[in-house]
Amino acid sequence: MIAAPAPVTARAALSASAFRSPTVPTMQATPFLCFDGVTIRLGGREILSPTSFDVARGEFVCIVGPSGCGKTTLLRAASGLVSASAGEVRRNGAKMTEPSREVAFVFQDYGRALLPWRTVEGNVSLALEAAGVPAAERAPRIADVLAKVGLAKHAHKFPVQLSGGMQQRAQIARCLAQKPDLMMMDEPFGALDALTRQSLQDELARLVRDDGLTVLFVTHDLEEAIYLGDRVIALQANPGPGRPSLARMIDVKIPRPRDQLTTKEHPEYLHLRRELFAFIEQGHE
Amino acid sequence: MNRHTPSLRALRVASPTPSPGATPAARRSRFRGVPGKVRPFVLPLLLLALFEWYARRAAALGSDALAPPSAAAKAFVGAAMDGSLWQATGFTLGTAALGLLLGAVLGIALGLVLGLSRRAAQLGSVSIEVLRPVPSVALIPLAMLGFGFGVRMELAIVAFATFWPLLVLVQSAVQQVEPRLLEVSRVLGLSSRERAFKIVLPAIVPRLFVALRLGVAVALVVAVTVEIAANPNGMGYAMMIAQQSFDPALMLAWLGWIGVVGFAVNAGMVRLQAWVARRMGVQP
Chain A
4 MIAAPAPVTA RAALSASAFR SPTVPTMQAT PFLCFDGVTI RLGGREILSP
54 TSFDVARGEF VCIVGPSGCG KTTLLRAASG LVSASAGEVR RNGAKMTEPS
104 REVAFVFQDY GRALLPWRTV EGNVSLALEA AGVPAAERAP RIADVLAKVG
154 LAKHAHKFPV QLSGGMQQRA QIARCLAQKP DLMMMDEPFG ALDALTRQSL
204 QDELARLVRD DGLTVLFVTH DLEEAIYLGD RVIALQANPG PGRPSLARMI
254 DVKIPRPRDQ LTTKEHPEYL HLRRELFAFI EQGHE
Chain B
34 MNRHTPSLRA LRVASPTPSP GATPAARRSR FRGVPGKVRP FVLPLLLLAL
84 FEWYARRAAA LGSDALAPPS AAAKAFVGAA MDGSLWQATG FTLGTAALGL
134 LLGAVLGIAL GLVLGLSRRA AQLGSVSIEV LRPVPSVALI PLAMLGFGFG
184 VRMELAIVAF ATFWPLLVLV QSAVQQVEPR LLEVSRVLGL SSRERAFKIV
234 LPAIVPRLFV ALRLGVAVAL VVAVTVEIAA NPNGMGYAMM IAQQSFDPAL
284 MLAWLGWIGV VGFAVNAGMV RLQAWVARRM GVQP
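Protein sequence lines correspond, in order, to chains A and B.
One gets the numbering used here by counting positions in the first sequence from 1 and adding 3 to each.
One gets the numbering used here by counting positions in the second sequence from 1 and adding 33 to each.
FYI, nobody ran anything at the bench for these hints, they're computed from the structure.
Be a bit skeptical, because a hint or two may be false.
Stated by the list, open to error - Listed below are several chain A residues computed to face chain B (Cβ distance under 8 Å; list not exhaustive): (1) Phe110; (2) Leu118; (3) Trp120; (4) Glu124; (5) Ala139; (6) Ala142.
Glycine residues also receive a C-beta, built at the ideal position from the N, C-alpha and C atoms.
Using the sequences and the accompanying hints, generate a full structural model.
Now the structure itself:
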């Protein structure tokens, strides 16, 4: 029923040694994003124990796990906001040392991540200004991304005038304006009500498919992880000395486009849901 | 029981001395005739009337030290008519404003540098902690030596006095900028110049205006003090002259006028600060 973590470690080990063993047939020489023994220690505490896995271009990877297992830290390392104490993160084979405009980051606390003195339009514009887009080209690009996230009518509003869901859409719009090829999302829908969350999930899935984005999505909601992800990675807190934080890796082979009703009745969805819940339960004992 | 309630309520309003069971609300109801906007002015008017009565009595007993408010009002009208009021007010306000501008520009600039760079803050910390507590009026002798009597001396002291609060408040405002916004600027790839002008500076504007409001109050107090102590110009000096020429009515007129000017300037700054805070997206 529950697979032992052994295959995971084997796969992780394979990816770590991908450079040295070109004989592995299914592995590309340089994966799009590669975590190679990433370890993060902050203030004498090991937040993330050696973690290795690869992400393919266009893949939607969800990361779940109990609080304090290093999900957010993993994401911050992948975007270059914190640097690894040991191991490294490689994007297209190059080591990530600092944030890049090709990597967008959607923060959980949208209320604090938006500039309160700028309108929605102005907040999106910030990404274009940072990228040095000439003023004349900004307006059409802003209108374009705002239309994509359904905020076209609210372009001139200030963040305080918007609901939580709309503020998060504004933040996603700003990230899309960066034209990233990799998007990090740190529990982006965690603070939203259930209905808003569902519609944002569906819109995100559509946006990601249209733009061919690669996504790393941290969530504490297992159902959300299965619903959105091509793959779900489960981390464990305090794995013990010498053991990796990465505890479980599950491929989600549910056809797309997915639907809030039919997908959640799909036998594979129910099966994975049971498996993940059982796994998390086990970790809590 | 219920049928008796209306008559009870009527009794409570009519009764001059409320019954022991009456609530505070019922007792307050006797002031219901005074409109809310007028209420804050009741006490000052009462005090003025009391002062008028006391000063007249003192004058009747042969004292030259006090003048009743009515005489002060007369002296005020005289000063307003001969133009000395406006000339002195203009001088004090103008010098305070210029001095504040000087102190604020320097204070904000240095505050930004010290707030953004930890190394600069460490470098400057001792000098600031030693210089900041020096009372600004203690600089009057030095400023007199350097600039003589006049505008420049007063300007220098007002600038010195307003420089420190602005420096310290701006520095702490920069250090308190929402860390998430700084992360956003890193992720978006803003240059450090863009970060200073597009994130840090707008983020501190509401706090900056709090600091400016404080600076305005300091500038006015210091300007008048310098005029009283040394500079033969402005409202402070006019008040001193009135006192030295045994004209308590004119002296009181100046005192009251300085209070009114201070109140008006502060009220203006409060409004400006609230408007800026709203404009910069701070929730009231």
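Hints violated by the structure (numbers, ascending): 4, 5, 6
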